[in-house]
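A.B. asks: In case you want the letters, here they are:
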Amino acid sequence: MSRIRTIARRSFIFGSVAIAGGVAFGAYMLRKPHDNPLEDGLAAGEATFNPWVKISGDTITLITPHTDLGQGATSMQAALIAEEMDLDFGQFVTDFGPPSAAYYNTAIAEDGAPFLTTDDSLTATLTRGAMGSAIKLLGMQLTGGSSSVPDSFDKLRQAGAIARETLKLAAAQETGLDARVLKTQSGAVVLPDGTRLAYTDLAARAAMVEPVQDVTLRPPSEWRLIGKPMQRLDIVSKSTGTLTYGIDLKLDGMVHAAVKLNPRRAPMNGFDGSAAKDMRGVLRILPVTNGVAVIADNTWRAFQAVDAVDCDWGAASYPAEMDGHWGEIEASFTPERLDKEWRHEGDVPAALDAGETIEAEYRAPYLAHQPLEPLSAIVTVTEASVEVWVAHQMPRFLQAEVAKITGHSADQVILHNQYAGGSFGHRLEFENVKLATEIANQMRGTPVKLTFSREQDFAQDFGRHIGAARGRGVVRDGRVEALDLHIASTSASRSQMGRIGQSLPGADAQIPAGAWNAPYALSNFRVTAYAVPELAPASSWRSVGASSGGFYMESFLDELIHAAGADPMAERLRLCNYDLARKALEAVAEMSDWGRALGPNEGRGVAMVESFGVPVAEVVDVTATQDGIRIDKVYVAAEVGKIVDPVNFENHVQGAVVWALGHAMNCELTYSDGMADQRNFDTHTGMRLYQCPEILVRGLENGPKVRGIGEPPVPPAAPALANAIFAATGQRPREMPFDKFVDFI
Amino acid sequence: MKLTVNGTVHEVDVEPEMPILWVLRDELGITGVKYGCGIAQCGACTVHLNGEAVRSCQIWAEGAEGAEITTIEGLGTPDALHAVQAAWIEHQVAQCGYCQSGQIMQAAAFLAENTAPSDADIDDALSGNLCRCGTYPRIRAAVKTAAKTLRGEI
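Each protein sequence line maps, in turn, to chains A and B. For the first sequence, the working numbering gives the first residue as 2, with consecutive numbering after it. For the second sequence, the working numbering gives the first residue as 5, with consecutive numbering after it.
What the hints contain is simulated information worked out from the structure, not anything from laboratory work. Note that the structure is a prediction, hence the values are computed from the model and not measured. All residues carry an ideal CB built from backbone N, CA and C; glycine is no exception. One or more hints might be untrue.
What the hints assert, rightly or not - Some chain A residues judged to face chain B by a derived CB distance under 8 Å, without partners named: (1) 70; (2) 242; (3) 375; (4) 454; (5) 505; (6) 521; (7) 522; (8) 524; (9) 688.
Unchecked claim - On the chain A side, residues computed to face chain B include the following (Cβ under 8 Å): (10) 224; (11) 244; (12) 257; (13) 339; (14) 341; (15) 345; (16) 347; (17) 455; (18) 650; (19) 681; (20) 689; (21) 690; (22) 691; (23) 742.
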C-alpha cells in the first residue's frame with residue numbers, strides 16, 4: 002500500500018499518511034462504544050479513516066470535529082488527544098477539519114434507542130448496536146444530544162495514543178534505540194539520556210512508519226489533564242474580542258444580504274421593492290424561497306432596505322391563533338393519535354378504579370432558541386465549488402442541502418466550520434445556509450454574507466415543540482400508588498427530519514422523554530405518548546423532549562406526593578430504583594440540607610430527571626416576597642461517569658439551570674395571524690443577572706459510562722421551580738411560563 | 005465624517021443615522037463589538053463613548069462625532085489585558101462568548117466609577133446585558149475580582 006498520499010475528503014486513510022512535509026495519524030482500531038454482535042463482520046477498514054492528529058515540520062494540529070457551540074467542545078476534544086499524546090496546551094493548534102464520514106458519531110445512537118438506561122437486555126444491546134452501526138454506515142457527523150464527550154472520550158484518547166506510539170517508533174528508527182526505552186513528554190520523545198526529539202522534528206520520518214495500532218491507554222491515575230481544571234483554549238480570545246465568529250468574517254469582494262421572509266413560513270405571493278431599490282448601498286433585490294433578499298454594501302443598509310420592501314404573504318399551514326394550536330393538542334389524546342404506550346408496570350386501570358383519582362393537566366409552550374449570535378452564513382458559488390463559512394452541527398447534511406440548490410455534488414461543497422455564538426439546537430437547521438446559497442447562486446463568483454436581523458431570526462425560528470400532559474394518579478397510606486401520564490405533543494424530530502427529506506422510523510422517543518424513563522419503581526406506572534400532527538414547525542431545543550416531559554412527570558409526581566402527605570425527597574428516594582439516580586438525589590438532599598427549617602414565605606422544590614443517560618437532581622429554593630417570587634438558591638447533583646474539566650462542567654451546569662429557569666419563568670413563542678408574536682428579547686426575555694440565584698453544583702462519577710452535560714441539567718429545573726413555588730405559595734403553576742400565574746422579582 | 009475609535013481618527017462616509025455598531029463592524033472592520041438585538045435589549049454591542057458604557061446600536065454616527073469611542077479591542081489586548089479582562093479569564097466566564105465583549109465593556113465602565121460595588125450594585129449595573137448561555141454566576145465573581153484588582157488589593 003502506498004504510504005505517500007494526500008488526505009482527500011472522504012478518502013480512506015490507512016493509518017498514518019504522509020502529508021506535505023508531515024504526517025497525519027488515523028485511529029485504526031477504534032474501541033467500540035458497546036459490544037455489538039451485529040457489528041461483527043462489517044468492513045474492517047471502515048474505522049481506519051480517522052484523522053485527528055496532523056504533524057508537520059513546525060506545527061502540531063489537532064482536529065476537533067465536534068462543533069464548538071460555546072460548550073467547550075474544542076478544548077475538550079483537544080485535551081483528550083493531548084492527554085495521550087503528552088502534549089501541553091500551547092503546543093498545538095486546533096482545526097475543525099472538513100466534513101467527513103470519518104467523524105461519525107459513535108454515541109448519538111445510545112440515547113436514540115428506545116430502552117431504559119438500565120436495560121442491559123440482549124434486545125436493548127442489539128438495538129443500540131444496530132443503531133450505532135447505521136450511524137456509522139451513514140457517516141453521520143453530528144454535534145448534539147450531549148454526545149460530544151461520550152463520542153470522543155475513548156476514540157480521541159486512542160487517536161492520541163496511536164500518534165504517541167508511532168512517534169516513538171519513528172524516534173527508535175532514527176536513533177537505533179529500542180522503542181521500549183523511549184518516553185514521551187511535552188511534545189517530544191525523550192531518550193534514556195534525556196535527549197529530547199520534538200514531535201515536529203520526527204514528522205517526516207513518522208510519515209514513513211507503519212503506525213502502531215496496539216496501544217494501551219493511560220490509567221486514570223496517570224492523567225495529567227482529564228479531571229483537572231483546564232484553561233479553555235478560547236477563553237482569552239473570547240475575553241478580548243479577538244475571536245472571529247461566522248458573523249464577523251469578511252471576504253474580499255463580499256456583499257451583504259438581508260432577508261424578509263414570510264413570518265407564516267409559507268410562500269410569498271408577491272413583493273414590491275420600489276421603495277428599496279434606490280436606497281443607498283442597495284445592489285440587488287432578489288426573490289428567495291418564502292421571501293425576498295436585498296443585497297447591499299453594508300449589513301445595516303441591507304436591513305433598512307429589506308424593511309422597505311412590501312411583501313404579500315401567503316397563509317400559514319398551521320392554525321393562525323394559539324387557540325387552534327391548543328385545540329389540536331387537546332384533541333390528540335385519542336387512540337387514533339397514539340404514538341406509543343412507552344411504559345406500563347402494574348395494572349394502571351385497575352389501580353385508578355380502586356382509589357380516588359387525582360387529576361391534573363400541564364402545558365409546555367413553543368420556545369425560541371435565539372442564541373445571541375444571530376444566524377448568518379457566507380457562501381461563494383463558482384462552477385467548481387461552493388464554499389460555505391458558517392457554524393453548523395451537521396456538516397455532511399449541510400453539504401447535501403447546499404448541493405441540492407446549486408447542482409454541485411456534495412463533495413464540491415466546502416464547509417469552513419466556525420465557532421458559534423451559541424446554538425441550543427438552532428444550528429441544527431439549514432435555513433440561513435440555504436438562503437445564502439440561493440442568493441450566492443444568483444451572483445456566482447461573489448461572496449455573499451447573509452445576516453439575519455434578530456427579528457427575522459425570531460420569526461423564522463423553528464421553536465421547541467408544544468405539548469400538554471394529563472395525569473391521573475392514586476395515593477394510599479402515605480405513598481404514591483399509581484401514576485398514569487398521557488403526553489400529547491408535536492414532534493420536533495419529525496418536523497426537523499422532514500425538512501431534510503428524512504422520516505423518523507417508529508415512534509418519537511422525544512415525546513415522552515424525561516417521563517417514560519423516570520427511574521422510579523411505582524407499583525402502577527404508565528406513560529403514553531400521542532403524536533400531534535405538525536402545527537408550527539418545531540426543532541430540537543436544548544434537552545429536547547425532556548424539557549417538557551420532565552416538567553410533566555416531576556410536577557405530577559410532586560402533586561401526588563403532596564396528596565399522599567409524604568416528603569417530596571423521601572418519597573422520591575423510596576421510589577427510585579436506579580442506583581446512580583438515587584445517589585444524585587441523596588447528594589442534592591445533603592447539599593441542600595433538605596429538611597432544614599424554612600423561613601416565612603420560603604419554599605423549596607425538588608425534581609429529578611434523567612435525560613441523555615444522565616440523572617440530574619435539583620433543589621430550588623424560593624421566597625415569595627411582596628414583589629414576587631425570588632429564586633434564592635439552586636442545588637444540582639449530576640451523574641456523568643467522568644468529568645473532563647471541572648471548571649467548564651460547573652459553568653455548563655450553571656448555564657443550563659439559568660437557561661431552564663429563565664424560560665420557565667417568562668418565555669413562550671405564541672402565534673397571532675400565523676406569525677410569531679415575539680420578535681426580540683424584549684418579549685422573550687429569559688433570565689437577567691439580577692434574577693440569577695446562587696447555583697451550587699456537584700458532579701458525580703459513580704457510573705461506568707462517560708456522559709455529556711450540555712442538556713441534562715435543563716429538564717429538572719422547571720419542575721423543581723414549580724414545586725418550590727407551590728411549597729411557598731400553595732399555588733401550583735401547571736403551565737409554562739410561570740409568569741402567567743405568579744410574578745417574579 | 006470623522007470618528008475616533010480606540011485613539012485613531014477614521015474618516016467614514018456613512019449616513020448620519022447609521023448606528024456606530026455598523027460603522028465599526030462593517031465600515032471599519034472592528035468586530036469585537038457584536039450585533040445581538042438592535043434595540044438595546046441585550047448589551048452585546050456595548051462600547052464606551054467618552055468612558056461611558058453605551059449601546060452602540062442606539063448611537064448614530066453623527067452623535068458620536070468628536071467623541072472618543074472605545075471598543076473591547078481598545079480596552080485591552082491578549083498581551084496587555086485590562087483588569088476586567090484578566091478577571092474574566094481567571095474565572096473562565098465565557099461559554100459561547102458572544103455577549104462577553106459587551107459584558108466586559110459594561111463592567112469596565114461601571115468599575116471605573118465604583119471600585120467597591122455591593123452585590124446589588126453589580127446586579128444593577130450588569131442586568132442590562134443578556135447572556136443566553138447563563139454565565140451570570142461567573143460574571144458576578146469576575147466583577148468582584150476585577151474590583152479588587154482595581155482597588156490594588158490583588
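A.B. asks: Now tell me if each hint is right for this structure.
C.D. replies: Do the hints match the structure? See the list:
1. Proximity of residue 70 of chain A to chain B holds as hinted, the smallest CB-CB distance being about 7 Å (cut-off 8 Å).
2. Restraint check, residue 242 of chain A versus chain B: the minimum CB separation of about 2 Å is within 8 Å; hint holds.
3. Contact between residue 375 of chain A and chain B, as hinted, is supported at the beta carbon level, the nearest pair being about 7 Å apart and thus within 8 Å.
4. A least Cβ separation of about 7 Å between residue 454 of chain A and chain B falls short of the 8 Å threshold, and the interface hint therefore holds.
5. About 28 Å separates the beta-carbon of residue 505 of chain A from the nearest beta-carbon of chain B, more than 8 Å, and the hint is not met.
6. The criterion of a C-beta within 8 Å of any C-beta in chain B is not met by residue 521 of chain A, whose closest approach is roughly 29 Å, and the hint is violated.
7. Evaluation of the residue 522 of chain A hint against chain B yields a violated restraint, the C-beta minimum of about 34 Å exceeding 8 Å.
8. The beta carbon of residue 524 of chain A comes no nearer than 39 Å to any beta carbon in chain B, farther than 8 Å, and the hint placing it at the interface is violated.
9. Taking 8 Å as the C-beta cut-off, the interface hint given for residue 688 of chain A holds, the closest approach to chain B being about 7 Å.
10. Because the closest C-beta pair between residue 224 of chain A and chain B is about 20 Å apart, greater than 8 Å, the hint is violated.
11. Restraint check, residue 244 of chain A versus chain B: the minimum CB separation of about 6 Å is within 8 Å; hint holds.
12. Annotation: interface hint on residue 257 of chain A holds; nearest CB of chain B at approximately 7 Å, less than 8 Å.
13. Because the smallest distance between the Cβ of residue 339 of chain A and any Cβ of chain B comes to about 37 Å, over 8 Å, the interface hint for this residue is violated.
14. For residue 341 of chain A, the suggested interface contact is broken, since its CB lies about 34 Å from the closest CB of chain B, more than 8 Å.
15. The beta carbon of residue 345 of chain A comes no nearer than 37 Å to any beta carbon in chain B, farther than 8 Å, and the hint placing it at the interface is violated.
16. Evaluation of the residue 347 of chain A hint against chain B yields a violated restraint, the C-beta minimum of about 40 Å exceeding 8 Å.
17. The interface hint given for residue 455 of chain A holds, since its Cβ lies 5 Å from the closest Cβ of chain B, which is under the 8 Å cut-off.
18. Interface restraint check: residue 650 of chain A against chain B, minimum CB-CB distance 11 Å, threshold 8 Å, status violated.
19. Interface hint status for residue 681 of chain A: upheld, as the beta-carbon distance to the closest one in chain B is roughly 5 Å, under 8 Å.
20. Satisfaction of the interface hint for residue 689 of chain A is found here, the shortest Cβ-Cβ separation to chain B being roughly 5 Å, below the 8 Å cut-off.
21. Look at residue 690 of chain A: its Cβ gets to within about 5 Å of chain B, closer than 8 Å, so that hint holds up.
22. The restraint placing residue 691 of chain A at the interface with chain B holds, with a minimum CB-CB distance near 4 Å, inside the 8 Å limit.
23. Residue-level restraint check for residue 742 of chain A is violated (minimum Cβ-Cβ distance to chain B is 23 Å; threshold 8 Å).
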